[in-house]
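Engineer: Sequence:
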Amino acid sequence: MKSRASAALWFSLLLAACSQQVSTTAGASHRPTPVSDLTPLPTPMDYRHVCQLEASVCSCAPQLADPTCSQSLPANIVRPLRLPVVSSGDACPTTSDHPESTEDFAGVALGSGQVEPLIGSTPIVALRSDGWYATKTLWFTIPKYDGPVLVRGARIDGQGPVGFGEQPLIGHLIIPPGPTLNEGLDGYRQAPGGTFVRAPGCYAWQVDGIGFSYVLVFKAVLR
12 MKSRASAALW FSLLLAACSQ QVSTTAGASH RPTPVSDLTP LPTPMDYRHV
62 CQLEASVCSC APQLADPTCS QSLPANIVRP LRLPVVSSGD ACPTTSDHPE
112 STEDFAGVAL GSGQVEPLIG STPIVALRSD GWYATKTLWF TIPKYDGPVL
162 VRGARIDGQG PVGFGEQPLI GHLIIPPGPT LNEGLDGYRQ APGGTFVRAP
212 GCYAWQVDGI GFSYVLVFKA VLR
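Each number in this note's numbering comes from the position in the sequence shown (counting from 1) with 11 added on.
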């Protein structure tokens with residue numbers, strides 16, 4: 012018998028909406044989601060503590076005099092969450108499906124907003140020993156946007172958190188303003204790491220920045 016640890020999680024990540032306000036996703040109701048209900052992981056808002064948990068995104072070592080490190084995420088982009096709510100047994104309200112192959116849709120950028128995720132090279136991953144399922148996820152910003160970013164997530168067909176980072180170390184993703192450690196020569200700022208969930212189901216990210224807010228819906232399927 013195969014062990015539980017040999018189980019794999021396949022992420023099908025699909026764009027749900029993109030607008031100045033979080034749009035209603037067809038087939039799902041919406042309600043504000045308290046931030047405190049999303050995750051047991053830490054959710055700091057000041058850049059110095061964020062960068063300690065997101066070491067592949069930014070650096071705020073004590074000896075650095077970067078004034079950004081003493082700042083916090085602007086309050087006006089910490090908008091109320093307006094994630095879809097999906098009843099148990101209903102279809103996950105994604106826009107469309109990826110091809111049936113679960114082994115070769117790497118390199119697909121989702122959506123056309125200012126900040127988007129890119130699927131990693133291995134969308135199928137084993138259950139981790141700490142109980143999280145994970146897939147490599149690279150977030151990037153378009154060159155003309157160099158402001159701060161807040162990405163939060165939660166399960167929308169039940170209870171369940173979403174974690175971020177190279178390990179599930181932080182309960183949301185924050186990209187501070189200005190250059191990232193992995194910024195490309197083309198001006199695309201990058202936030203490498205993973206997406207972590209506790210169980211298969213229907214999930215959503217809300218992406219907030221200066222002048223934009225939108226939702227991406229994805230489903231995590233145990234194979």
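Be careful, since some hints might not be right.
Result set (SDA-like, lysine to any residue): computed pairs, CA atoms no more than 25 Å apart in a straight line [said to hold, decoys possible]:
(1) K147 <-> N87
(2) K155 <-> L52
(3) K155 <-> V96
(4) K147 <-> P73
Computed Cβ-Cβ distance ranges for the label pairs, DEER-style [claimed, not checked]:
(5) D197 <-> V96: 18 to 26 Å
(6) Y199 <-> P85: 38 to 46 Å
(7) P190 <-> P73: 32 to 40 Å
(8) S99 <-> I153: 32 to 40 Å
(9) L196 <-> S99: 44 to 52 Å
(10) G169 <-> L196: 36 to 44 Å
(11) E194 <-> S99: 25 to 33 Å
(12) S99 <-> D141: 21 to 29 Å
(13) P53 <-> N193: 17 to 25 Å
(14) L180 <-> R90: 33 to 41 Å
Think of the hints as simulated: they come from the structure by calculation, not from any bench.
Note that CB positions come from ideal geometry on N, CA and C, so glycine has one too.
Engineer: State, for the Cβ atoms of G169 and L196, whether the hinted interval 36 to 44 Å holds or is violated.
Structural biologist: Taking Cβ atoms as reference, G169 and L196 lie about 43 Å apart, which means the hint holds.
Engineer: Take the C-beta atom of S99 and the C-beta atom of D141, compute their distance, and say whether it sits inside 21 to 29 Å.
Structural biologist: holds (26 Å)
Engineer: With 32 to 40 Å as the target window, see if P190 and P73 comply at their CB atoms.
Structural biologist: Taking Cβ atoms as reference, P190 and P73 lie about 20 Å apart, which means the hint is violated.
Engineer: Straight-line Cα separation of K147 and P73 no greater than 25 Å?
Structural biologist: Distance ~29 Å between K147 and P73 Cα, so the pair is violated.
Engineer: Take the C-beta atom of S99 and the C-beta atom of I153, compute their distance, and say whether it sits inside 32 to 40 Å.
Structural biologist: holds (37 Å)
Engineer: Compare the distance between the alpha carbons of K147 and N87 with 25 Å, and conclude whether the hinted pair is satisfied.
Structural biologist: violated (29 Å)
Engineer: Determine whether the Cβ-Cβ distance between L196 and S99 falls within the hinted range of 44 to 52 Å.
Structural biologist: holds (47 Å)
Engineer: Quick check on a hinted range of 25 to 33 Å for E194 and S99, using CB atoms only.
Structural biologist: violated (42 Å)
Engineer: Would you say the C-beta atoms of P53 and N193 sit inside 17 to 25 Å of each other?
Structural biologist: Hint holds: Cβ distance 22 Å, inside 17 to 25 Å.
Engineer: Per the hint of 18 to 26 Å, is the separation of the Cβ atoms of D197 and V96 within bounds?
Structural biologist: violated (38 Å)
Engineer: Starting from the range 33 to 41 Å, see whether the pair L180 and R90 falls in it by beta-carbon distance.
Structural biologist: With Cβ atoms ~24 Å apart, the hint is violated.
Engineer: Between the beta carbons of Y199 and P85, is the distance compatible with 38 to 46 Å?
Structural biologist: With a Cβ separation near 22 Å, Y199 and P85 fall outside 38 to 46 Å, so the hint is violated.
Consistency with the previously given hints fails for numbers 1, 2, 3, 4, 5, 6, 7, 11, 14, ordered from lowest to highest.
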